[in-house]
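Visitor: With the hints in hand, could you dock these two chains into one complex?
Those protein sequences? They're chains A and B, same order as listed. Sequential numbering of the first sequence, starting at 1, is according to full-length UniProt numbering. Sequential numbering of the second sequence, starting at 1, is according to full-length UniProt numbering.
Be aware that one or more of the hints could be misleading.
Derived pair list, reagent style DSBU-like, types lysine-lysine, alpha-carbon separation capped at 30 Å [said to hold, decoys possible]:
no., chain 1, residue 1, chain 2, residue 2
1, A, LYS137, B, LYS105
2, B, LYS105, B, LYS169
3, B, LYS102, A, LYS5
4, B, LYS222, B, LYS64
5, B, LYS42, A, LYS137
6, A, LYS154, A, LYS137
7, B, LYS222, B, LYS80
8, B, LYS56, B, LYS42
9, B, LYS42, B, LYS64
10, B, LYS64, A, LYS137
11, B, LYS169, A, LYS5
12, B, LYS135, A, LYS57
13, B, LYS102, B, LYS42
14, B, LYS56, B, LYS135
15, B, LYS64, B, LYS80
16, B, LYS135, B, LYS80
17, B, LYS222, A, LYS5
Keep in mind that the hints were calculated from the coordinates and are not lab data.
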Amino acid sequence: MLWRKRSFHYHLMVWPGIVFLILFSLVPMFYSLMAFQDFRPRRGITGSDWVGFENFKYMFELPDSRTIFFNTIFLAVMKIIANLIVPLVFALLLNEVRVRFMRRWIQTIVYLPHFLSWVLLATVFFDVFSLDGIMNKLFGLFGVDPILFYQSNKWFPAIIISTDVWKEFGFGAIVYLAALTGINPVLYEAAEIDGASRFRQLIHVTIPGVKTTVILLATLALGNVMNANFDQIFNMYNPLVYQSSDIIDTYVYRVGLNDLQYSLATAVGLLKSVVSFVLVTVSYVLASRFANYRIF
Amino acid sequence: MVGRNNIQNRIIDQSILVVLVVITLACLIPLLHTVAVSFSDKSAADAGRVLLTPIKPTLASYSKVLDDSLFFTAFFISIKRVLLGGLLNFVITIMMAYALSKDAKQFPLRNVYMWFLVFTMMFSGGIVPWFMTVKSYGLLDSIWALVLPHAVQTFNVILLMNFFRNLPKELSEAAEIDGAGPWYTMIRLYVPLSLPAIATVTLFSIVFHWNSFFDGLILMNKQDHYPLQTYIQTLVAQLSAQAMTAMTPEQLAEAMAVSNRTFGAAKIIVSMIPILVIYPFLQRFFIHGITLGSVKE
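Only chain B is shown next, with the shape it has when bound in the complex (with noise of 0.2 Å):
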C-alpha cells in the first residue's frame, strides 16, 4: 500500500512539475526570443527566421543603438524622471504611512484625511480634465509634468500605512516616553523597522515611472522631451499603423521587413535593462512586504 501511494505520489509530483515548467516557458519565451532577435543578423531576422537562438550572433544593432541620440535623451530623461519622482514618491508615501497609521484617538483627523485619500483613488475626473488642469499650472514640456500629478501613490501609501499598523504599539510608547519626537520616532524607529515593505513601494514606485509612456505622450510636445516609454510607443504606432495599412499578406510581410526588427529587438531590450537589474535585488522583498502590508489588525 505504501509502496504504491509512494509512486503514485512521485508521478503526481513530476507531471505537476512538468506543466510548471511549460507555463514558466511560456512566460519566458517570448522575451528570449526578442533577445535571439535583438543579436541576429539582419536578414534572417527580418525574413522571420529566428527563432530563440540568435542567426549568425552580431551587436550591430547595438551599436546602431548607441548611435541613436533621441533613444539616448530619451533614456536620461526616464532616468530623471525616476530619481526625482521615486525619490518625492519616498518621502511623501513614508511621511503619510507614518501620520496615518496612528488612530484616531492619537491623531483626531486621521479618518478624514484617510477617506480624502481613498476618494481621491477610486473616483477620478478623467483624462482630458486631468489634461487641462496640467496645462494650467504652465507644467507642459516640463520634467516635473512627469513627477508632480504622481507625487501621492495612494495604494503604496496604503500597503505602508498597514505595515505600520501591525508594528508593536509599545515601541513608539516607550520611545514617546523617552521623550522621542515624532519625526524622531518616524525615521529612527519605524523606518529602520521596515525596510522590506518600503523596499516593495520603492520598487513599485520605481516601476511605475519607468513604465509611464502616456503622460509624456500627451504633455510633451517636442520629441526630445519625451521619456524612454513615450519615445519607444511612437515607434510601435508607426509599427502597427503599417500594420492596418498593407491589407495583403505580402504587403504586410514588406512592411515588416522595413521595419527593421533587430534593431527595433535591441531597443526593447535596453529599455527592459533597469527594471531587470533591480528586480532580482527587491524581488526578495516584495513578497514579503505585500503579505504583510495586506494583513489587518
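Chain A extracted, bound-state conformation (with noise of 0.2 Å):
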C-alpha cells in the first residue's frame, strides 16, 4: 500500500540526491577531524594520534597565517564593495537607455565574460597586463613606464579586484535591473507631472526602488567575507607577490596537496569553514529579519 501514497514518491525522488550529499558532503566533515589529529595516511583517519588544538596553537604561530587571514578579508571586502556598486551604477544606467536593441545587445555582451572560466581569462589578463601588453600601452600613452603588474604587490590586488568586477559586473547587474522594471511607471508620470529632472526622478524614484534590493545584496554579502575566489587567485598569481594576495584558500592548497601537511591545511580549512558558516548564518537571518528574504 506504501507505494500508493503521494509522500511515498516524494521521497523517492529526493533520496538519490540525498545519497550524493551524503557521501561528497557529510563524510568529508567526518574526514576534517584529522584537524583534531596528527595524521598519518598510513594509519588513515582511525589509527592517527589525537593531537587536540595542536594544529591550530601552530598555524596561529606561523608568520604567514596574519598575511593570509588579512589578504583574505582585505580582497574579499573589497570585491564585495566593487561588486555592489558596479553593477548598480551600470543597471542605472542602462535603465535609461530607451532604445531596446541597443539595450539587448550591451546586455549579451558585458553578461558573457561571467561565463568564462578563470583559467582562460588568467591567461587573456597575463597578456593584457604584460610588459608589452594593451594596459601598458594604454598608459604609455599617458606617457607612464612599463610597469611590471604581475610582479608588484602595490599593483597586483588591484589587478584581482578589477578584473574579479569586469567578469561579474554585467552579471551582477541583472537583479538590480529586474527591481528597476518592477518600479510603477505611474510614478515617474506622476514625477514629470510635478516637473521633476531626470535627475530628481532618478534620486526620488528609481533610487528608493532600488534601496531594498541593495540592502539586502549588501548583507548576504556578508557571508563571503573569507571567500576571495579561489579560482581566480590560484589561477593569476605567483611568489612574488604571495605577500600581498596568498589566500586561506591557496595556501590550504599548497601546504595540504603539495607539501601534505594534511592535519595543518585542514585546521586552516576548518576555520575558514566555521567562521564562514557563521557568517551566512548571520546574514541570512538579518535579511530575513530587515528584508523578508527567504532562502526556501
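Guide: Structure follows, in C-alpha cells:
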C-alpha cells in the first residue's frame, strides 16, 4: 500500500540526491576531524593520534597566518564593495537607455565574461597586463613607464579586484535590472507632471525603488567575507605576490596537497569553514528579519 | 521650455550611451585581443605588436592546435564530463526541485530535507577532507570523480524549486483529481511549463562542468586524464613560473617570447567555443529564469 501514497514518491525523488550529498558533503565533514589529529595517511583517520588543538596553535604561530587572513578578508571585502556598486551604477545607466536593440546588445556582451573560466581569463589577462601588453600601451599614451603588474605587490591586488569586477558586473546587474523594471511607471509620470528633472527622478523614484535590493544584497554578501575567490587567485598569482594576494584557500592547497601537511591544511580550512558558516547564518538571519528574505 | 528640456534630454541620453558603449568595449577588448593574437603571425605577436586586428593573418596556430593530441584528449574528456555531469544534474535537479516544491502538509519531511540541503551548501569540510573522501572511494583518475561529487547543484535545485512553487497550485490539484501520479504530474505538467527555468539551470550546470579545473588537477594523476581547463591551467602555471623567475624586464620579455603567444591564444579561443555556441541560445532564457526563480510567494 506504501507506493500508493504520494509522499512515498516524493521521498523517492529526493533520495538519490541525498545519497550523493551524504557521500560527498557529509563524509568529508567526518574527515575534517583530522584537524585535531597528527594525521598519517598510512594509519588513516581511525589510527592517527589525537592532538587536540595543537594544529590550530601551530597555525597561529606561523608568520604566514596573519598575512593570509588579512589578504583574504581585504580582497574579499574590496570585491564585495566593488561588486555591489559597479553593477548598480551600470544598471542605472542601462535603465535610461530606451533603444531596445542597444539594450539587448549591451546586455549580451557584458554577461558573457561571467560564463568564461578563470583558467582562460587568467591567460588572457596575463597577456593584457604583460610588459608589452595592452594595459602598458594604454598607460604609455600618458607617458607612464611600463609596469611589471604581476610582480608588484602594490598593483597586483588592484588587478585581482578589477578583473573580478570586469568578469561579474554585467551578471550582477541582472538582479538590479529586475528590481528597476518592477518600479511602477506611474511614479515617473507623476514626477514628470510635478516638473522633476531626470536627475531628480533618479534620486526620488529610481533609487528608492532599488534600495531594498541593495540592502538585501549587501546583507547576503556578509557571508562572503572569507571568500576571496580561489579560482581567480590560484590562476593569476605567483610567488612574487604571495605577500599581497596569498589567501586562505590557496595556502591550504599548497600546504595540504603540495606539501602534504594534511592536518595543518585541514585545520586552516576548517577554521575558515566555521567562520564562514557563522557569517552566512548571521547574514540570512539579518536578511530574513529586515528584508523578509527566505532561501526557501 | 519643452524644447530646451528635449535637447537636454537628448544630450543626457547620448552621453549615457557613450559611457555604456565604452564599458561594453572594455568587456570585449581583452577577448578581441586574444582572437587577434591567435590569428596573427608568430613573430609579430611575440614582439607585442598585435592590438585588436591580426597582423599578417594566418591559421598556423590553429593547425598547430589540431596537431596537439593532448589538447584533443583533454577536449573530449571535457565533452564527456559535460554530457555525463549535465545529464546527472538535470535528472537530480528536476526530481529534488519537484518533491521539495510541495509544502510540508503534502510532504511531511520536506523541511528536514530542505535544511539538510542548505546546511551542506553553507558548510563544507574543506578541500583536503574532500580530497581524502573521493580518494577513499577509489575514484582517482576516473571520469566519475569529476561527475559524481557534483551530482547535486544545490543552488540550481533551489532556483528551480522556487520556480515550481510559483506555478498555480490548481494545476497539480486538477491533475491529481484526474488520477495522475506524482511522476506523471512532474514529467507531463511541471517540466513542460518550466522550460525557461530548466534551460537556465542546465546552462549553469553545463558551464560549471566545462569551466571546472581544480578537481581535475587534484583528482587526476596522469596528464592524459586531465579535462581541458586543467590542461590549460598547467600551461598557465608554467607561464607564471617563468614570470616569477625572470626578474629583469629584459629576461621577462625573453621568457614571454619563448612562451609562444599565438599558440596559447588559439588554445584559449578553441576552449571558449562550446560556451560561445550555447550562450546565445540560452541567454534569452536565463534572465527570465533567474528573476522568476528568485521571486517568492
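Visitor: Of the hints given before, which are not true for this structure?
Guide: 1, 13, 14 and 17
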